[in-house]
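*Asks:* Residues per chain are reported as follows:
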Amino acid sequence: MTQQTLEHPYSKYLRQGMIPHIWCPGCGNGVVLNAFVHAVDELQLDLDKLVVVSGIGCIGRIAGYTNTDSFHTTHGRALAFASGVKLANPELEVVVVSGDGDLFAIGGNHFIHAARRNMGIKVICANNFNYGMTGGQQGPTTPLDSVTTTSPYGNIEHPFNLVHLAAASGAVYVARWTTLHVRRLTQSIKKALQKKGFCFIEAISACPEIYGRYNNMRSGLEIMEWFKRASVVESFSDPAKAEITPDRIAVGEFVDVEKLSYEKLLHEKISKINEKAMEQVG
Amino acid sequence: MTEKKELEASSVEEEPRIGVYVCHCGLNIAGSVDCEAVAKFAATLPHVVLAQDNRYTCSDQGQEGIKKDIKERKLNRVVVASCSPRLHEPTFRKACEDAGLNKYLFEMANIREHCSWVHLYDRASGTEKAKDLVKMAVAKAALLEPAEEIEVPINRKALVIGGGVAGIQAALDLADTGYKVYLVEKEPSIGGMMARIDKTFPTMDCSICILAPKMSDVGHHPNIELLANSEVAEVKGHIGNFTAKVLRKPRYVTKDCSACGECIKVCPIVAPNEFDVGLATRHAIYTPFAQAVPATYIIDMNLCLNKEGVVVCDKCMKACERNAIKYEAKPETVELEVGTIVVATGADVFDPSVLPNYGYGKFMNVITSLEFERLINAGGPSHGHLLRPSDMQIPKRVTFIQCVGSRSDKNGKLYCSNVCCMNTIKDSLLIKEHWPDTEIYVFYVDIRAYGKGFEDLYQRARKAGVKFIRGLPAEIKEDKRTRNLWLFGENTLQNELYKVNVDMAILSVGLEARKDSEVIQRLLTLSRNQDGFFLEAHPKLRPVDAATGGIFFAGCAEGPKDIKDSVTQASAAAARAGILMAKGKVTVEAITPITFSDKCTACGLCTKVCPYNAITLNKDLKRVSIIEAACGGCGTCAAECPFGALTQSHFTDKQILAQVDAVTECDADKKVVAFCCNWCSYAGADFAGVSRMQYPPNVRIIRTMCSGRVSPKFVERAFARGAAAVMVTGCHLGDCHYINANYQTQKRVEKLWKKMEQNGLRKDRLQLLWASAAEGEKFANKAREMKGIVESVTSEEIEKARKVFEKALKND
Amino acid sequence: MTGKRALLSGVHFLNGDVACAEGAIAAGCRFFGGYPITPATEIAEHLSQRMPEFGGIYIQMEDEIASMAAVIGASYSGLKAMTATSGPGFSLMQENIGLAVMTETPCVVVDIMRGGPSTGQPTLPGQQDVMQAKWGSHGDYGIVALSPSSVQEMFDLTIEAFNLAETYRLPVLLMGDEIVAHMWEKVVIPAPDKIKTVNRKKPTVSRDEYLPFKPDEDLVPPMACFGEGYRFHATGLTHDEHGFPKTSSSEVQAKLVRRLCEKIGGNADKIIRVEEVMLDDAEVVVVAYGIVARAALSAVRKARAAGINAGLLRLVTLWPFPEKHVAKVARKVKAIVVPEMNCGQLVREVERAAKETPVYFISKLGEDPHTPMEILEVIRRNC
Amino acid sequence: MIMPERIKHEPLDSKDAKRPKAEIHLIKDQCKGCGYCIEFCPKKVFEESTEINARGVHPPKVVDEDKCILCDFCTTVCPDFAVFVVERKDSEDKKT
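Heads up: the protein sequence lines correspond to chains C, F, Y and G, in order. For the record, in the first sequence the residue sitting at position 218 is 218 according to my numbering, with numbers rising by one throughout. So my numbering is basically just the index in the second sequence, starting at one, shifted up by 282. So my numbering is basically just the index in the third sequence, starting at one, shifted up by 1094. So my numbering is basically just the index in the fourth sequence, starting at one, shifted up by 1477.
Only chain C is shown next, with the shape it has when bound in the complex (with noise of 0.2 Å):
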């Protein structure tokens, strides 16, 4: 019974002798990978034409772990080198999974231009309020009063809204889960690769090593226990109603509408200057 007579369901998805990854106990970045696998799974995507670009931090090294191509940029570069991935080869799905420090603080105005051109990339954000890798220090979604090693006497700046961001950016599908909710987290991501244009999901994440024992949360559990307490589903009431505070994580799917991706406009343009170029040539 116990013992393991087959193979995990989505070991086919993770590159050989990669798993176990590197994550600590209860950290929530492995469940997010599990919610990424489980959807590519269930949409049966053609890995050979899925690419997974991640940035700095924990949580970039999800790009080594999944068996697609990948690509481990420079930190808060995920965004600004998908471009160029995704525009050079439009048919490639691209897939950026990265942290909050590195999308919203050093890659922050790369993340508000993409989703601005709404390009075709899908964008996963492990936000666990802190910079894990670097041994927790403050960074732009730390709650206000949180300690960290670098706001040891409690966080004073205003945290990002990150759904309200990146709906005010332009995104076409914004959703925020927390790791508890993987289910819906696994449901919104199967939804964003299924969309065209730029889209965001905010997978809320434990960080129980380094932010939990900071805040008094000392395991996964006590966070999943928070996220549990804390979270209310409002599926798309106003994104700017959802900052994220002890008492209420506001969860769901907050923007799904249709808009034409950069990469469609620019494509078709071009077409259409070459009808015009081959007509000046014959």
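Computed list of lysine-lysine pairs in DSSO-like fashion (alpha-carbon distance at most 30 Å, straight line):
#, chain 1, residue 1, chain 2, residue 2
1, Y, K1349, Y, K1308
2, F, K468, F, K589
3, G, K1492, F, K644
4, G, K1544, F, K644
5, C, K12, G, K1520
6, F, K589, C, K228
7, C, K12, Y, K1340
8, F, K1060, F, K822
9, F, K600, C, K12
10, G, K1538, F, K589
11, F, K496, F, K797
12, Y, K1308, C, K49
13, F, K589, G, K1521
14, F, K527, F, K496
15, G, K1521, F, K600
16, F, K865, F, K518
17, C, K269, C, K196
18, F, K600, F, K589
19, G, K1566, C, K12
Read the hints as simulated data drawn from the structure, not as lab findings.
Go by the hints and put chains F, Y and G onto chain C.
*Replies:* Relative to chain C, chains F, Y and G alone:
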């Protein structure tokens, strides 16, 4: 209200000019009352400008005379001394109106039912009493004020509570008439009890086959908005203008559901299905039954793994092609504006597990008649095979036990549940149809086959060989091995004990008021009878109306009924509601309270006693305001107010006190001041008159709408002016025409008794009598009893009472 | 072929930026990601018009960091990609030039040098970035930088840059300056079949055997691109031949970094191009590059006319530095003159190579480049 | 309708309503002991074992495989791909 205030103002200026008309009523009055003398006497009374006697005042000439005098003699008040106002007040009021006199400036003295007819053989005292009655009437008349009846617009939408066959019928009738209907059903589907029954008696047609079409009509009807899985949470307002808050519990499945059923194939949760009384299973996501309306599936969140939007299992969500699953759905409250309400909340079935001697719940093969319905139903858990639970075998010997939970106050309810006898007869025939050689015993108290076609069915059952044995078994024992049952009891026809062995016993369980009836009662301020069923306004003449205006009953909510009666009553209720809505407005008699805000201290006592919640308290403004359309006009608020800040129009404190003063002006020590309520005790006194019951002539009746109007100060005034005795009479407790106002009466009289005792007065000088309109004899007897008391009262006692209550002498 | 779709084969009068852009097209570049900056903007402007005509992609990114990142991405998707900027932008690009080096991404970065530091002099020439070209990004690596002296070379060397990038899998830097960029000159654009273009090596093995960072003898690994079914991983972290991070292995680090340097150092002879003018009997040699080399040539001619045996060594390749060529010259001459539009950058490399031979440096900042007379003056003094 | 507590009889079809049997697979040495599967299993199928795995933690053990309803949440929520559930074949045959 404001409008009315103006009228008062205008009427204050002019002096009262009262015309008095003493009617002979042929010899009905003149036979034992000297009408001429009474008229002469009347002429001497203050403000009387005209007094005459005539043979038939109600005749056309009589009325014409009054009209003429109003015009020519400038009468601004009219008193007719004749029969009971319950008979002719409307006639004379109309006459006054025709002559341009506000109908509220008319008053009547009842010298027939309350005088001539009950004192046939004592012309002298009869005449004296008649004079008193006229004096009382004139005294009140002088203080009468004109009033306008207010008109309340009626919202042409109806709320039907309960989606059983009664609610369905009421909703369809109203909707077909063209009114918008909101049908609120607590359960996920409409259909109620009838949906679960296999066949209906006496015609034996398939229950769901005839119900299903009606159900889908409800679902599709453009005028019906169906709110299933919803509960009425709050009802405010009054006849014509109710606001109902309805809580829509989430189904967790949206309207996009195509009822394809793919979800139930994958749902891992299995639980007993309520619809089949637990004899079949369902899943956490389910539809109550095949014909359910709405067809939309529902998730039972108590069972589903996905609480508070955290999805643990998404099998159904994945299986649903229409993406209709919404685990995080939240309850919502909708507010409905309606003019009328039909209460069709149905009944519960009796739970026989409280009767240990029948072993229900203990012995596998003892089932209820409802469980039987599911078993014998082709769509049921056994696909129509009557299987006994213990071994899934078709039983050879079956018994029905009647009156389980009915007709016994110790084993359930005292009343007869109406449907069980015929249901059993029908069921026994069903068994015979499928398995003719099954032995069937029916143990009964009486077989009640009273309805159309019922007796034939009963005979058919007997011919089919069903054995009817009179006398319920005292006990059922189970054979542990075979799980067969032994029934022990006495056959009361043959006076012999029996001991019968059967494979299966079916307890014919009775109907009882729903556990949640109190909720509806509270929300709609309804009253219920001792059995817990809702009480109609009048058992004969208003059988589907609630005492509260604009609310009607349909089906078992009002009492146990079979399908036919439920449907009949539903249509009746729909018609009654339709009448109101067709009119589009309702007029309210101008007897609602007047408030004097300067005196009001906003103590809120009145709001507490109002049976209709028609008084709202505004603490900041330090005053109360009355919703006239909601007010029933009992006047108990006026009686409750310690500051005289409230009084009831047309029954003002001044007017009633004037009547008291008139009675007690002379020979008070020989008289009884009686307060009678319009609906029961006054009518009872009339009935005594009509049936010529003779009683002592010293009783003087003052009419109020409800005994709840009788303020302690009226009684105290009577004693303060030397009355020998006082009688306060009203409807029986629980039958009050103003829901429960007469409980206040009782409270107040008991207070007075206490006060009398404390001050060393005999409390028997104040009598409290509950007499219905039919209890003339009871009234007469009380009057006779009072005579004894009056005679026993000494002048010292009279004096003492004067002292004790002298405060009551000054008009506030 | 004629018409817009075609290369502008023939003789044209163009400015350097446009020539560069046309060179990119001719080289097969089909992705340009950039950000406006003087004096490189015309390259972007021209490509925004030309790229679509060739089915190529022009995108203006939100900054130079993004531009460089996008170029790397496009290259990994299989397109020849380029960006163009000037000093301030070049600084921003250094981060991802490093990434391109580490992930061995073929691409071209054009730096039209202007006066620095910082925002400096946007509209005046300079040669102040040549050391940054070599050492700009952190860590050790080999790099290739070319220096055009004419509008024609802006065309030719852009093609050359792409060919080198594709051959050696790295970012190749075209270090132009404000004058060659904005100067109008005759440009001869050859017929397409006369233009030599090189494409990156593709793997010849199956997915399972493919190791994305296992080099051949030339130290360059064959390059698979995204979507070709190889499902490989690339990272800016120190990685093994599988491309997987090996951040704590000293020997993986050493092996990787040495190869990144050696792949250029070892192939220097194949990469390096210089122009030698009248060196055989030269006693004084001017070593110059870029626009300055043209003043130097005129100075050398004037010297010859005045009977001085002067010669010119024009560096077309700045990096890898043509050490052997300079050393060879140094052994025969009395003096070397190095004019640069900076405070002395490449002169240090010249001195290193020249050993005992004296090297005279002529610095020029701001305004115009050296005049021939200024250079001739120094030649005279040292013969 | 009749409240469940009023139900006195076992559903007649409760035997036919058999659900597919589960087969739970634990890849013990991959487990990092976060305890998610134990905590969030709606049927409480797991509990912490006493053994120590290659990573030095107590992996879960299956206490009652029959309680498993194949909701598969453990597979989904496990950050380390250390557990998965499949339908047991024999019950498959029974159904068809």
